[in-house]
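Peer 1: In case you want the letters, here they are:
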Amino acid sequence: MTRRLPPKDVVIIGLGWTGSILAYELARTGLDVVAIERGPWRDTASDFNIGTTPDELRYGIRLEMFLRPKQESITMRNNPSQTALPIRQWGSFLPGNGVGGAGMHWNGQTWRFLPNDFRIRSHMIERYGAAIMPADNHIQDWPVSYDELEPYYDKFEYLAGISGKAGNLKGQIQPGGNPFEGARARDYPTPPLRQGYAQDLFTKAATEKGLHPFPRPSANLSTGYTNPYGCSMAPCTYCGFCERFGCANYSKSSPQTCVLPVLVREPTFEARTNCEVTRVNLAADGKTATGVTYVDLQGQEWEQPADLVLICAFGLFNVRLMLLSGIGKPYDPNSNDGVVGRNYAYQTGSGSTGFFEDARFNSFAASGSLGVAADDYNSDNFDHGPHGFVGGASITSAYTNARPIGFRPTPPGTPTWGGKWKRAVHDNAGRVTTIGAQGSVMSYRNNYLDLDPTYKDPLGRPLMRMTFDYQDNERKMANWMADRCDELAKAMGAKSTQVSRLVGPWSVVPYQTTHNTGGAVMGNDPKTSALNRYLQSWDVSNVFVMGASAFPQNAGYNPTGTVGALTYWALDAILGKYLKSPGPLVPT
Amino acid sequence: MPQTTRRELLAATALFTFAAHAALARTVSKALPWSPNEAYPVPPVLRGPWIYLTPAEAATIDAIVDRLIPPDELGAGGKDAGCTVFIDRQLAGPFGGHDWLYMQGPFSPDPLPSQGLQSPLTPRQQYRQGLAALDAYCKAHFTGHGFADLPAADQDTLLAGLEKNQVKLEGFDGHMLFATILANTMEGYFADPIYGGNRDMVGWKLVGFPGTRYDYRDVIANPDKPYPLPPVGLAGRPAWGQPT
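Residue numbers (this note's numbering), protein chains in the order written: chain A, 40 to 627; chain B, 2 to 245.
Be careful, since some hints might not be right.
[Claimed, not checked] Pairwise CB distance ranges (calculated):
| # | chain 1 | residue 1 | chain 2 | residue 2 | range |
| --- | --- | --- | --- | --- | --- |
| 1 | A | Gly168 | B | Tyr41 | 55 to 63 Å |
| 2 | B | Pro72 | A | Ile171 | 54 to 62 Å |
| 3 | A | Asn207 | B | Lys226 | 31 to 39 Å |
[Stated by the list, open to error] Below are the BS3-like pairs computed for lysine-lysine, each with C-alpha atoms no more than 27 Å apart in a straight line:
| # | chain 1 | residue 1 | chain 2 | residue 2 |
| --- | --- | --- | --- | --- |
| 4 | A | Lys616 | A | Lys368 |
| 5 | A | Lys534 | B | Lys169 |
| 6 | A | Lys248 | A | Lys619 |
| 7 | B | Lys169 | A | Lys459 |
| 8 | A | Lys459 | A | Lys529 |
| 9 | A | Lys248 | A | Lys204 |
| 10 | A | Lys616 | A | Lys194 |
| 11 | A | Lys194 | A | Lys209 |
| 12 | A | Lys495 | A | Lys248 |
| 13 | A | Lys368 | A | Lys566 |
| 14 | B | Lys206 | B | Lys226 |
| 15 | B | Lys226 | A | Lys529 |
| 16 | A | Lys566 | A | Lys529 |
| 17 | B | Lys226 | A | Lys243 |
| 18 | A | Lys459 | B | Lys165 |
| 19 | A | Lys47 | A | Lys326 |
| 20 | A | Lys326 | A | Lys566 |
| 21 | A | Lys534 | A | Lys243 |
| 22 | A | Lys616 | A | Lys47 |
| 23 | B | Lys226 | A | Lys534 |
| 24 | A | Lys459 | B | Lys206 |
| 25 | B | Lys140 | B | Lys169 |
| 26 | A | Lys368 | A | Lys495 |
| 27 | B | Lys31 | A | Lys47 |
| 28 | A | Lys194 | A | Lys619 |
| 29 | A | Lys248 | A | Lys566 |
| 30 | A | Lys194 | B | Lys31 |
Think of the hints as simulated: they come from the structure by calculation, not from any bench.
Values in this document were obtained by computation on a predicted structure and should not be read as measured data.
Where is the CB? At the ideal position from N, CA and C, for every residue including glycine.
For reference, chain A alone in the conformation it holds in the complex:
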């Protein structure tokens, strides 16, 4: 039997970056806020303890911090003619779980998208004509511009203490920064991380090729920092245990380091952990949410009424919760109609691994965001005319880790075991470095999310079904980028290289990236977007949905910087407009 709890002003589903920021900012205005999180509470001292956390097997391979597929998985197929099967073991992407969410296990690369990324459809057609647009694309302009988001990017960067070097201060190009970035009002709050030997070689090689390398922005901080909320962080020690791990040094920006210490002190805030929201409840008219229903670990079902519902889970699970709750019309690729599940996108990865004769890269001395990037081939920073594809990639020389279960590269042709393998592993250790291209993925009619007809979670609810493959546009782009990476690896002095291209269908193995975007996108047209420009549901006006699920398509960058900016952008609308006069913020 469902037990009904006393009502709250605000219920927040998921306590990661977006949930914790909104919880703090709303609770400090005096609103009664409850955050409901399906995973456990996690703290630095107890859960990311320095005596236990540098453990590759436990956290990096067995994935102790992540959502267990047993609790919830996703089914997957490459196109609508196939039968989707459950991802039984995470591979290509790793959804987080517990307080901190993806903001706890991330590497910390914190980008702003480029001004063109927000109007990529209009921009590409204006410059190249409609013929450059790929077949069956759903590429659409964002309903916000870079200039509108700039103050909110700034807010998130100062919350997180991001270490970097400005490339464009109020329109003035700055030496050593990214000359392609949109104008920013002020520099990053902390200076860039130090770089490794490979990054020195890359900087030299890229500069000689006429590119514009710069240290990429990092949430692993170069120095101590106290953010505007009063939360303090310590300098990164380059331990090489960032992604998949919590940080024992208080050096990686996360809800734990940047928000939770002040959030829990707010007297009107409360978190309930190990409680899974099963649906957002709607009033009889279907246009108002009345709160949420959740299940605790003992299987007891609770109803939490609330005036405002903020869906702040990982993007994929935001979409599933909307589908399960009947918020917005589900997308149907046959009729090309409906919006929830539409425009799922991802990220391309390609590059070149260079094998060197006598370098000592020491890439175990690493950080999730340590790296030098060049954006000359990102977005529309270069002439796409000769190439016939839309989009681009950030090209990077990075040291994220050299943890040896996952990283012990050998040259092409080396056996996978035996004496020759062992010799090659030994001889190449420390002499290998990779140049990677992380690229955009556009949105398409047949890349989408819906509910699976067969497979269910332990509560009996349908799993979400992901239908996705890279399209010709992305393959062309990523493989062109791989060749650019290979040129750079050779220019750095690699004796031999191994080029990594996008070949074959997208596979759930091996790990690629957890930059899953779209499915509940923001837009100006309710026929092609689930949310309006303030991340408010077009259909249920007291529901706002945060996260990368709002991206109309993905850019050639990690998503978290933009997720943070959108959160503060939506918060401003909630505080400045919605709470004063609840209802749709954009007329339909």
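Following the hints, position chain B against chain A.
Peer 2: Chain B only, in chain A's frame:
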């Protein structure tokens, strides 16, 4: 909240069962729920009898891991590095039962390669059934000898045949058996020694990995220089008087 209760809570989250236990959902307000000395170390693997493997299975794995990672001038082979101990203890834990994975049916007979793991068999079942099939194959093809009794060259040929899917075992996917053992052997050789493999940090020495030192600001400050310190694990290092 006492530490034991918190552990149970985490364990319960891991399994997401609704069986009766002490764990309750938790409410956090007013202060971080943090207690002094609260941490969750893994229990170190101790030497001793096999927990899951039979002695015959362990002997076969000893032989296999010593061909996958042979002993040579670069360091110990898989057997002396403790890879079989590692595999035995992993099979006895949540990994061995695929306890955290999505194991609900139906299981498709013809999954796409892009759909990844789709077998209903847990690692414990894979090792038990796969090693039995390998043993039967060896006895049928090598005049009654098991894998461990074969000359190294025959062992290598057989392993290469399994890897390339050219050797067909009766009733078991030999390629799957090979892939599972290879992955677990590499895990054992390169994981922290606290899990029973990587003895004396032989795997880390092979690749120059310093382990859990956690602070390399001096390395970053001195590019292209050799790293001077030996590796350290979660339980310290043998020179500090720690058991290995």
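Peer 1: Among all the numbered hints in the text so far, which are the ones the structure does not match?
Peer 2: 5, 6, 12, 16, 29
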